[in-house]
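Number of protein chains: 2
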Amino acid sequence: MSKQGLLIVISGPSGAGKGTICQALLERDSSFCLSVSCTTRPPRSGEKHGINYYFVGKEEFQRLIDEDQLLEYAKVYDNYYGTPRQFVVEKLAQGRDVILEIDIQGALQIKQKYPQGILIFLVPPTLSILQERLTKRGTDSPEVIAHRLNCVCDELSNTSQYDYLVTNDTVEHAVEMIEAIIKAEKCRPLHFDLQKFLTG
Amino acid sequence: MSKQGLLIVISGPSGAGKGTICQALLERDSSFCLSVSCTTRPPRSGEKHGINYYFVGKEEFQRLIDEDQLLEYAKVYDNYYGTPRQFVVEKLAQGRDVILEIDIQGALQIKQKYPQGILIFLVPPTLSILQERLTKRGTDSPEVIAHRLNCVCDELSNTSQYDYLVTNDTVEHAVEMIEAIIKAEKCRPLHFDLQKFLTG
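In order, the protein sequences belong to chains Y and R.
Read in numbering that gives the first Met the number 0, the first sequence has 131 at position 132, and its numbers run on one by one without any break.
Read in numbering that gives the first Met the number 0, the second sequence has 62 at position 63, and its numbers run on one by one without any break.
Mixed in with the good hints, there may be bad ones.
The list makes no distinction among identical chains, and a pair is therefore deemed to hold if it is satisfied within one copy or across any two copies.
To be verified - Capping the alpha-carbon separation at 16 Å, the derived lysine to aspartate or glutamate pairs in EDC-like fashion look like this:
{"hint": "1", "residue 1": "Lys195", "residue 2": "Asp168"}
{"hint": "2", "residue 1": "Lys182", "residue 2": "Asp162"}
{"hint": "3", "residue 1": "Lys185", "residue 2": "Asp162"}
{"hint": "4", "residue 1": "Lys2", "residue 2": "Glu89"}
These aren't lab readings, by the way, just hints derived from the structure by calculation.
No experiment lies behind these values; they were computed from the predicted model shown.
Could you put the whole structure together from the sequences, leaning on the hints where they help?
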């Protein structure tokens, strides 16, 4: 029996610190694979094609949709984001654990198509701390920030759609919780190797 | 909102090392409460009333059943074992995590009555190692050992009834996995404190 890897979906609101947490996870355990999303949004300063995102045009994105090459895709604030299917499927089949860092629309799509995926919702410590972070970041207008805060409250009104909620109070603590979740999920009945027990 | 503790049920076959693992868990984290079962079997050498078990007669055990004072009870090899309800219910309500070390019949009863309980099945590394352990222990006849090994195979033919399976290859590793499971379970939506997020 070849062992399928775990699909770990890290989601949560803008400003929750998804990117930082995913980088910290990869630094602590190099056996994880990080899926690189494709997007139609323009690169921000310092972002690299193939590392942070695959930056593609709207026509190219549409072609990927038409050819069913995306595991999920979503429109977030006028830009499209999607997860290339082939990379994820191949790595999981090789027994590698794959991390997806995606917005909540995409995360819920993944969970529908691949229920054994583990959906972790990263929560800022408090709503007021999130507001402070978004304000300090200075990339959004007060109206956009107000809209984002509203969205978070909506997203947290139905927590039962997430497998786990991890509070990002400190990177160290959040990473520790996610590592515990991954260890625990590997003890699920699905991953038990009966043959090894019987004949090992 | 007062926080309910976790009910952690450690089960598994005779010889899996349940007692050793529970003791190690308690030594590493003194915030856990261990539920003490009552039983009609006579004390083994060194066992103390109120510490290892409450040793009671068959009539007393029947009274506990009749008065609905047991959370579960089961007959295992001609002896009765049961979990006093009041201790568990009180500690959980105080927000304490309670560990139950019980056989699989009782564990499945708990899971039916209290689905949010976490059922961890402790698995010996392999069937042949279990056979070796039971033989070395010298408390069972070859027939009883053969029967026990058969039971284990039955118990592992339907793993989906357990929440987690933890292989007891070393005490250190098994305890590490159980601690990860407990951390992970505290990140379940059920335990998320929305009020704290909104107003904290």
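So, going through the hints one by one against the coordinates:
1. Proximity of lysine 195 to aspartate 168 under the C-alpha cut-off of 16 Å is restricted to the inter-copy arrangement: shortest distance 13 Å between copies versus 40 Å within a copy.
2. For a Cα distance limit of 16 Å, the shortest separation of lysine 182 from aspartate 162 qualifies both inside one copy, at 14 Å, and across copies, at 13 Å.
3. Within a single copy, lysine 185 and aspartate 162 get their C-alpha atoms as close as 14 Å, and across copies as close as 11 Å, so both meet the 16 Å cut-off.
4. Taking the shortest Cα distances, lysine 2 and glutamate 89 sit within 16 Å of each other inside one copy (13 Å), while across copies they are farther apart (42 Å).
The structure agrees with every numbered hint stated previously.
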